[in-house]
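Trainee: What follows is each chain in one-letter form.
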Amino acid sequence: MDILVCVKRVPDSAENEISVAAGGADIHRDDLVYSVNEWDNYAVEEAIQITERLGGTVTVVSLGDSEAEEVVRREMAMGAGQGLLLVDGAFTGSDGLGIATILKAAVQKGRYDLILTGAQADDGGGQVGGMLAALLDWPFASLVNRIDVNEGKPLRIGREIEGGAQEVSDIETPCVLSIQTGINEPRYVGIRGIRKVASVEIPVLDATALGVETASVGSAGAKVRRVDYFVPVAGAGAEMLTGSTDELAGKLLDLLKAKGGIK
Amino acid sequence: MAPEPFSPASATLAGLPAKVLFLLIPLVGLAAFAWIIARRLVPLLRAAPDPRLQDVPRRIWLVLKVWLAQWRHPRYLLAGVLHILLFFGFLVLGVRSTQMVVLGFADGFVLPGFSGALGPFYNAAKDIAATVVFLCVAVLAVRRGFFKPARYAVPEKLGKDHTPEAILVLGLIATLMVSEGLFEASLLAATAGQAMPLTLTWAFQQLLSGISIPALATINLVSYTIHDLTFFFFLCLLPFGKHFHVITSLFNVFFMRIRTGNVKPVRHGVSDAQLDELKIFGVKKFEDFTWKHMLDFYSCVDCGRCSDHCPANAVKRPLSPRFISIKARDYAFKRYPIFGKAEGEPENLIGGIFSEDEIWSCTTCGACEEECPIGIEYIDKIVDLRRGMVDDGLVPQSLQKPMSALEKRGNPWGKLEKKRAEWTAGVGDGVEVKLVEKGDTAETLYFVDSITSYDDRMQKIAQATARVLTQAEVDFVVIGKDEKDSGHDVRRFGEEMLFQSLKDQNTEAIQASEAKRIVTNDPHALNALRNDYAGLPPVQHISELIALGLESGKLKLKPLADPSKTYTYHDPCYLGRHNGTYDAPRAAIDGIPGLKRVEMEGHCRDRSFCCGGGGLMLFYEPDEEQRMGVVRVEQARKAGADVIVTACPYCLTNIEDAIKVSGLEGKMEVLDLVELVDGQLQH
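Heads up: the protein sequence lines correspond to chains A and B, in order.
Converting from the first sequence to our numbering requires adding 1067 to each position, the first position being numbered 1.
Converting from the second sequence to our numbering requires adding 5 to each position, the first position being numbered 1.
No wet-lab data here; the hints were simulated from the structure.
A couple of the hints might just be wrong.
[To be verified] Partial chain B-side listing against chain A, Cβ under 7 Å, derived:
1. D281
2. I285
3. G287
4. Q402
5. Q405
6. A410
7. R414
8. E500
9. L676
[Stated by the list, open to error] Straight-line distance between alpha carbons at most 25 Å, and here's what the computed DSS-like set of lysine-lysine pairs gives:
10. A:K1263 / B:K284
11. B:K321 / B:K423
12. B:K465 / B:K665
13. A:K1263 / B:K643
14. B:K269 / A:K1318
15. B:K486 / A:K1263
16. B:K339 / B:K165
17. B:K289 / B:K406
18. B:K570 / B:K465
19. B:K665 / B:K643
20. B:K601 / B:K672
21. A:K1318 / B:K247
22. B:K439 / B:K406
23. B:K559 / B:K321
24. B:K290 / A:K1263
25. B:K443 / B:K521
26. A:K1263 / B:K289
27. A:K1263 / B:K406
28. B:K413 / B:K486
29. B:K439 / B:K486
30. B:K521 / B:K563
31. B:K346 / B:K247
Nothing here was measured: the structure is a model prediction, and the numbers come from that model.
Glycine residues also receive a C-beta, built at the ideal position from the N, C-alpha and C atoms.
Next comes chain A alone, as it looks inside the complex:
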């Protein structure tokens, strides 16, 4: 099975103090550190595990500036055989549809049985996977937390739905799946792993190579534009419990029962 996994380089929310820049349309980016979007990491791990069991290839694709190479290499160090970078100044400022359009062009440059994306990105809207599937006219399933591959048969997938219940479906390939965290335990990648793949060539495709019309992507083609960023003012709803540890536990238990948190 040949699998393409779409990954994104995002500011790591755990290792940054995010603050809104003056003007409100972006955050301060000077002091940020970046990493692979957490959901994408699970998607790559899942793809690697499938090909380890059943053979095939894993290609990791990322759209962005030249710094996206860093995350593609990290995912290749995990075990993805190929990388692919989609870089063009004209891609900057793309909305979800623009990104899906570019990714579609990249998909059509290769042959894939399965495309995985993260369910969402730290800084995203969880929209690209669905749009990409629609543009390709492929079936799509979101929030997937289990994939069973049976040769020659549709994929059997599990999805976590509201309330913790599990839904099981069959889906025809080729298809696009957006992957939920918890589907597996992504392996660790250290500096040594990254150095091992440091000299592997990663093809870079621009708009021309992809055959993408620059007017349809980037800020030129974007039909969704971000106008503001702000941190909501903290509400006054917090209730501070006081008392000894036992009293606190008792009060908390009562509250959780009263609000339906536990039965």
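Add chain B to chain A, keeping to what the hints say.
Mentor: What follows is chain B alone, placed relative to chain A:
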């Protein structure tokens, strides 16, 4: 001397001279033994290199102390004393056994040097030794068979109980003693000789008195044959189990580790700069261990002292150091059989004989190594196995986040570099903290490390340290944003390349500061800078500075406001066991007038019980029945203490949590040594 009335060398068996048989037995026995040892050496020859010939005088000293003088044995008094008696009995009787073997084919043989005045003296000594050994065997058999000390138990999932093996060996030793005694006594009875009174030989001589010479000759011959056969059977049996130590312990002690605190390089002979070229990283398969580590496996006596003191084992984490050795030895014996070829392909140890959780459970506290009577190492093996796991990506999710943050931000919480010195703002009036990031320099560098820099609670230790240093008139500077985590536990968790990167960054920052010495409040940082890094100025723990300050009179402490409380000192593993600093912190505490301090007897100094582990261990979610800290707090409570003083921010974190978990808030408290001293400073 009158010719002896009978002897094995002059006897006949089934019409043939018995000496033919008695020449054959040692020849076959020695040939078999040589073959077995050669086979046992096969894996050692395929193992990773491990140069152990540096500092031979010190190694000889260790052999004299640890091996010959059995230095660590009396830490367990009964078992230790019994072992010492057995050990010296064996040393004395080794000479007699050699003589006995030759007597089978050379009448009247005496070992060189034993023919003169030494002869009778030695004869008495060996009779006493044989008697003592025999009695010890009896006591040990009763102890093994009836009292069954808990530390010998083998959990069901880890295989069979080792008591039968122990009893068999005790039986063989008893057989040797009895047959030697009968051999000697039958001769004495026939020649009206004199045995040392009240010895085994003497008792047998009493029994045999009045028996006819031919009957004595038969007893003599039979007991000789039994002794000869048992001796070589025993010799060849040794390399098949835990009694291999009879042969290997001398070598194991000679080659034991002579430094503490450090961790072995990934591969001996490969410099840090060449690590990228290594094909094998850490230990994944048995053959990746060093030959010394394999020798450790062979040498383990299964005495259980390591596991008896292992905090992970005590709180029922899936780790018992004893079984690291036993399982690896069983594997080695299976994979490298005495006859035939190695079985199958080498398999991964993790997922095979070891589990991931087992190997992550170790806090590297070093209690096991401190206890082992023959210097078996565990920390380096655990670290090597972790290196292999990290290389294969087998790292728990709970550790991946802090590791990634360390890579990006130089601290496990991913806090901003520029905030590393923010604690200095709260240091108080009249105290100024100089910062390298502002271009300041000083004679002394205070290395703060991550937890003391960023953790709200631990920042108080940093502030107290700054005040104590100022009071002691130490001109000091702090690096600030360019200081990275020391990487101490990054290295011990197997992420060597990340450690190397942190080490390089810190080394550069420290060298740029031009400081002439380094001081730190964090024993993990102390150990990293002192034992893992190279080319740095000398490193001291703040407790050593305080002790010196009190001695010189630069620091003066006022009496406690509340003298009713009882204090105890918890030795941090990386200050005590790994760096030998036990007295300075105690001197600092005792420097406070009116302070009453008790020891957690049996659990202090080099037997200190780990708080739960530092560095990345704070993030690891172990499978355990109880927190180590809870056990520690209980030990302090039993000692009668209300206040636990420690000298490590991780110990403080773990013990503080444990007090809460134990429901002892308000009844017990924990504080750092520097905070205690800072509070009593007389300005």
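Trainee: Determine for every hint whether it applies to the structure shown.
Mentor: Consistency of the hints with the structure:
At a threshold of 7 Å, the smallest CB-CB gap from D281 (chain B) to chain A is about 6 Å, leaving the interface hint in force. For I285 (chain B), the interface hint is violated, the least distance from its beta-carbon to any beta-carbon of chain A being 12 Å, above 7 Å. A least Cβ separation of about 10 Å between G287 (chain B) and chain A goes past the 7 Å threshold, and the interface hint is therefore violated. With a cut of 7 Å, the hint placing Q402 (chain B) at the interface with chain A holds, because the nearest CB-to-CB distance is about 6 Å.
Because the closest C-beta pair between Q405 (chain B) and chain A is about 5 Å apart, less than 7 Å, the hint holds. The restraint placing A410 (chain B) at the interface with chain A holds, with a minimum CB-CB distance near 5 Å, inside the 7 Å limit. Nearest Cβ of chain A to the Cβ of R414 (chain B): about 6 Å, under the 7 Å cut. The hint holds. Interface hint status for E500 (chain B): upheld, as the beta-carbon distance to the closest one in chain A is roughly 6 Å, under 7 Å.
Annotation: interface hint on L676 (chain B) violated; nearest CB of chain A at approximately 21 Å, more than 7 Å. Using a Cα cut-off of 25 Å, the hinted pair K1263 (chain A) and K284 (chain B) holds, with the two alpha carbons roughly 10 Å apart. Between K321 (chain B) and K423 (chain B) the CA atoms are separated by roughly 41 Å; this puts the pair beyond 25 Å, and the hint is violated. Between K465 (chain B) and K665 (chain B) the CA atoms are separated by roughly 20 Å; this keeps the pair inside 25 Å, and the hint holds.
Among the hinted pairs, K1263 (chain A) with K643 (chain B) is inconsistent with the structure: their alpha-carbon atoms are about 54 Å apart, more than 25 Å. For a cut-off of 25 Å, the pair hint linking K269 (chain B) to K1318 (chain A) is broken: about 52 Å separates their Cα positions. The hinted pair formed by K486 (chain B) and K1263 (chain A) fails the criterion: a straight-line CA distance of about 30 Å is larger than 25 Å. Straight-line distance between C-alpha atoms of K339 (chain B) and K165 (chain B) comes to about 16 Å, which keeps the hinted pair within the 25 Å bound.
Pair hint K289 (chain B) plus K406 (chain B) holds up; C-alpha atoms about 24 Å apart against a cutoff of 25 Å. With a CA separation close to 22 Å, the supplied pair K570 (chain B) and K465 (chain B) stays within the 25 Å bound. Restraint check for K665 (chain B) and K643 (chain B): the C-alpha separation of about 17 Å stays at or below 25 Å, so the hint holds. At most 25 Å may separate the alpha-carbon atoms for a hinted pair to count; K601 (chain B) and K672 (chain B) meet this at roughly 17 Å.
This hinted pair does not check out: K1318 (chain A) and K247 (chain B) have alpha carbons roughly 57 Å apart, beyond 25 Å. For the given pair, K439 (chain B) sits about 32 Å from K406 (chain B) by alpha-carbon distance, which is inconsistent with the 25 Å threshold. As the CA atoms of K559 (chain B) and K321 (chain B) are separated by approximately 47 Å, the hinted pair breaks the 25 Å bound. The suggested pairing of K290 (chain B) with K1263 (chain A) holds, with an alpha-carbon distance near 21 Å, which does not exceed 25 Å.
As the CA atoms of K443 (chain B) and K521 (chain B) are separated by approximately 19 Å, the hinted pair is consistent with the 25 Å bound. Distance restraint check for K1263 (chain A) and K289 (chain B): the Cα-Cα separation of roughly 18 Å lies within the 25 Å cut-off, and the hinted pair is therefore satisfied. Only pairs whose Cα atoms come within 25 Å are accepted, and K1263 (chain A) paired with K406 (chain B) is accepted, the gap being roughly 21 Å. Under the criterion of a C-alpha separation no larger than 25 Å, the hint pairing K413 (chain B) with K486 (chain B) is consistent with the structure, at around 13 Å.
Pair hint K439 (chain B) plus K486 (chain B) holds up; C-alpha atoms about 13 Å apart against a cutoff of 25 Å. The suggested pairing of K521 (chain B) with K563 (chain B) is violated, with an alpha-carbon distance near 31 Å, which exceeds 25 Å. This hinted pair checks out: K346 (chain B) and K247 (chain B) have alpha carbons roughly 23 Å apart, not beyond 25 Å.
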